[in-house]
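Number of protein chains: 2
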Amino acid sequence: MEASEFKDFAKAMIDYAADYLENIRDRRVLPTVEPGYLRPLIPDGPPSTPEKWQDVLNDVERVIMPGVTHWHSPRFHAYFPTANSYPAIVADILSGAIACIGFTWIASPACTELEVVMLDWLGKMLDLPPEFLACSGGKGGGVIQGTASEATLVCLLGAKARTVAKMKKEKPDMSESDVISKLVAYCSVQSHSSVERAGLLGGVKMRSLQTNDKNEVEGSTLEEAIKKDIEAGLIPFYVVATLGTTSSCTFDRLDEMGPVCNKYDIWLHVDAAYAGSAFICPEFRYLMKGVERAESFNFNPHKWMLVNFDCSALWLKNPNWVVNAFNVDPVYLKHDHQGAAPDYRHWQIPLGRRFRALKIWFVLRLFGVENLQKHIRKQVSLAHHFESLVNTDSRFEITEKVVLGVVCFRLKGSNEINEALLKKINGRGLIHMVPSKIRDVYFLRFVICSKYTEEEDVNLSWNEIKASTDEVLSLNGSVTNGVNGIH
Amino acid sequence: MEASEFKDFAKAMIDYAADYLENIRDRRVLPTVEPGYLRPLIPDGPPSTPEKWQDVLNDVERVIMPGVTHWHSPRFHAYFPTANSYPAIVADILSGAIACIGFTWIASPACTELEVVMLDWLGKMLDLPPEFLACSGGKGGGVIQGTASEATLVCLLGAKARTVAKMKKEKPDMSESDVISKLVAYCSVQSHSSVERAGLLGGVKMRSLQTNDKNEVEGSTLEEAIKKDIEAGLIPFYVVATLGTTSSCTFDRLDEMGPVCNKYDIWLHVDAAYAGSAFICPEFRYLMKGVERAESFNFNPHKWMLVNFDCSALWLKNPNWVVNAFNVDPVYLKHDHQGAAPDYRHWQIPLGRRFRALKIWFVLRLFGVENLQKHIRKQVSLAHHFESLVNTDSRFEITEKVVLGVVCFRLKGSNEINEALLKKINGRGLIHMVPSKIRDVYFLRFVICSKYTEEEDVNLSWNEIKASTDEVLSLNGSVTNGVNGIH
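Top line first, the protein sequences correspond to chains A and B. If you count the first sequence from 1, you need to add 3 to reach the numbering used here. If you count the second sequence from 1, you need to add 3 to reach the numbering used here.
Chain A with its partners taken away, still in its complex shape (with noise of 0.2 Å):
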């Protein structure tokens, strides 16, 4: 493909992604494929000879949209956002011409400089302890990471190493496998399922913790964990704290969970994956009270504040437990510059890395700070309407204080009803939700998601709900009359 072309083609598809998104409102946010669609579409293998990219960008709405799912529908209330914007989109096509290789300074300086700078931007946005930034001239600093997953995981690894080097020096007769064979991780039975899996890629225990009834760890619970297991001969090491849990939205009591992880000599670690972004409010930031404390934060630009994926901002006060967990140093990535700057491919799993802080740079002065001030506080203010929209139908109950973008609520009834409602609803395709479950309660999570989401596509949906829920009463109903229930 000559240049001349690629600007033909490329502009084309830059008018097709601005009207796809402009005009979403107007899709079926589900697709209604089934498994094993898309085969039957498209040939068996690759042309010989290339085809015209006016075949390929027509192939686009016969092939791939059908079974897109439209995360950036307003009528898109599932999981959580991620992000989409405009200045990110350019920003990536810069980073895709660029396309250097940032493992090393030297491999691209740019590619690790201006990240080192805008993970200090983002972390004064959100007011993080100076500790963690690199232009506090210590030894902290932030790093992009790819998801909160592995954010989790480094930081698991880092701690592990901190740990057994620890305890060689303190019982220098016990074997590095002895001791990895005693480490416990603690996390709260509300953490997102990246955590327990942080556990099972790093080879360690993982303990769930039980919330309080409000869905939070306390510090007590914590300490009385670790007590027990320190009798038990056991040595606890990394303790996750999430801030806005994936069920509910809700926050550990990092205040109480800090001093007792400092107490006890153990790394951590803050989840604060989809929370993070309302910290550049100071309103919202007494959720993460305590947060001076950790070793380690974390959240996702590219959930909440308009940096496409993947793009996980992780901070450490001392990265070099996690560099020298990893590094290891071949002549052909060895450099002049070492230790200058940041070797960023010690800093993560994968060796390779894109250019992605061209993202946050592009975003963070095309928006300016109070316009994504703006939009977290929008998104959050359209969640309270639709929590006292459920508030005036005597049907449901809200299950969970609604303090940002997620709403959680339920038919008052069984689990059984609440799961045929959310089947109706998903089923009827204009809008999507997910479900959760806290201690065998099922409820739905209702979450503002798309940037493009109004106040009257938070009514539309909460009528489609309520049409929904008028069908499957009536039919739930009926059947209970017939044969005992749905259920």
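There could be a bad hint or two in this list.
A pair holds if it fits inside one copy or across any two, identical chains being indistinguishable in the list.
Taking lysine to any residue and the SDA-like style, the derived pairs with C-alpha atoms no more than 25 Å apart in a straight line are [claimed, not checked]:
id : residue 1 : residue 2
1  : K337      : D443
2  : K174      : K208
3  : K440      : G342
4  : K127      : L290
5  : K469      : V334
6  : K381      : P53
7  : K172      : K208
8  : K14       : N26
9  : K454      : Y335
10 : K127      : D58
11 : K440      : L203
12 : K10       : D29
13 : K426      : V331
14 : K320      : L290
15 : K231      : V187
16 : K230      : P175
17 : K381      : P50
18 : K127      : N374
Worth flagging that the hints you see were computed from the coordinates, not collected in a lab.
Got chain A; can you put chain B on it based on the hints?
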């Protein structure tokens, strides 16, 4: 940013990107900046209100480009190639607009299904055994990983899970941590640093096998090591064979290693990160002879097949070991079609994933297989052209057989004089190379990286090397006469 402004900005960036790539020869391949260069060029923090996109675009030349190492310059001969093509950049625009997170099938069926079929297309292009392909109807199938490092780690963790399960059956009295402490994996002393790192991350012993005088691992070396370890009570479980090492692009004796692994029931993983792309040309497939005995095979279309980073293709004959090793299944990720199509989140370390199959689809259709083969063949022939130039100069020696696009060579003489030569070359900044070292012999790697490279570029690079050599040798000579050499 409104849609109309996005279109203007994005189209200006498209023009900038094309202009950058078409004129990349005019830029100094290595930047001259020092660590810390970037911070003073931009403000201390983000702006409160939006800036103009024109200012952001202008800052690309002012702030970013002075610190970019131009990986796509025909003067760039370092590391391995990294892919960059116009069709892939356009596909990424679409991926950025759709911006779905394809962790489950329902989260965007097109994202999963195009990936399944594209991995079949790719596998057919390489003539992989059908057991690796989803279209063969067995268990096997492919997945896109971020990097080869992750593929190596994912398979190591799958192999670990498989062996732990096996040992639980065979020796139920052994504890899991006992098993894990006895696990041992094998790779070549020439394997990529990420293989050693996978061992560190996975918490298992990784043994580096010595190579023969052609730098290949032989089957007998592997078997000897396995036997010795079994005698010592250890449990061999995972072997990585490298096809195309980073140091010198040599190929382990896969045909000999496969039968050994099968005999001892050990998971054999093939890392063909760079070389794999060449297997789309039948004449290079002799290099993967014996692949049918492997459990998993990996190569990076993002290296040599014009699909932009990140796109590392991994095939597994039986993905269940990996899937089960990582499987954590919360309510909010369950869906009605589980089992009917892969939920790729179980095949990888992160949870989230972009719509990366689009890049493969666009590249394969808009180049066609024949042009991709031409691309590989041309780059190999340019490497041989460089080899022939080196052979005209008796000051140099070729240190490794040239098979693909990598030429290993050195000045006859000490390591120090070769180090001085490379420093001189990179210091002049017209071309860029990195060194390697095998058995304490330091040499230079000349890699054909850019798709823009033509014979005259190689000639220019060779002339630059000769000129640098003249300088270094004359300096060395004069200094040697004075103060006993620069050594």
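We went through each hint and held it up to the structure:
1. K337 / D443: Answer is between; shortest inter-copy Cα gap is 16 Å, intra-copy 54 Å.
2. K174 / K208: Both, since 21 Å and 22 Å are each at most 25 Å.
3. K440 / G342: between (48 Å within a copy, 22 Å between copies)
4. K127 / L290: Close inside one copy (17 Å), not across copies (52 Å); limit 25 Å.
5. K469 / V334: between (65 Å within a copy, 23 Å between copies)
6. K381 / P53: Classified as between; 18 Å across copies, 47 Å inside a copy.
7. K172 / K208: The answer is both: 22 Å in one copy and 22 Å across copies each meet 25 Å.
8. K14 / N26: both (18 Å within a copy, 20 Å between copies)
9. K454 / Y335: between (45 Å within a copy, 22 Å between copies)
10. K127 / D58: Answer is between: at 23 Å across copies they meet the 25 Å cutoff, but 47 Å inside does not.
11. K440 / L203: within (23 Å within a copy, 36 Å between copies)
12. K10 / D29: between (29 Å within a copy, 21 Å between copies)
13. K426 / V331: between (50 Å within a copy, 23 Å between copies)
14. K320 / L290: within (20 Å within a copy, 47 Å between copies)
15. K231 / V187: Within one copy, since 11 Å is at most 25 Å while 33 Å is not.
16. K230 / P175: within (23 Å within a copy, 31 Å between copies)
17. K381 / P50: between (48 Å within a copy, 20 Å between copies)
18. K127 / N374: within (16 Å within a copy, 49 Å between copies)
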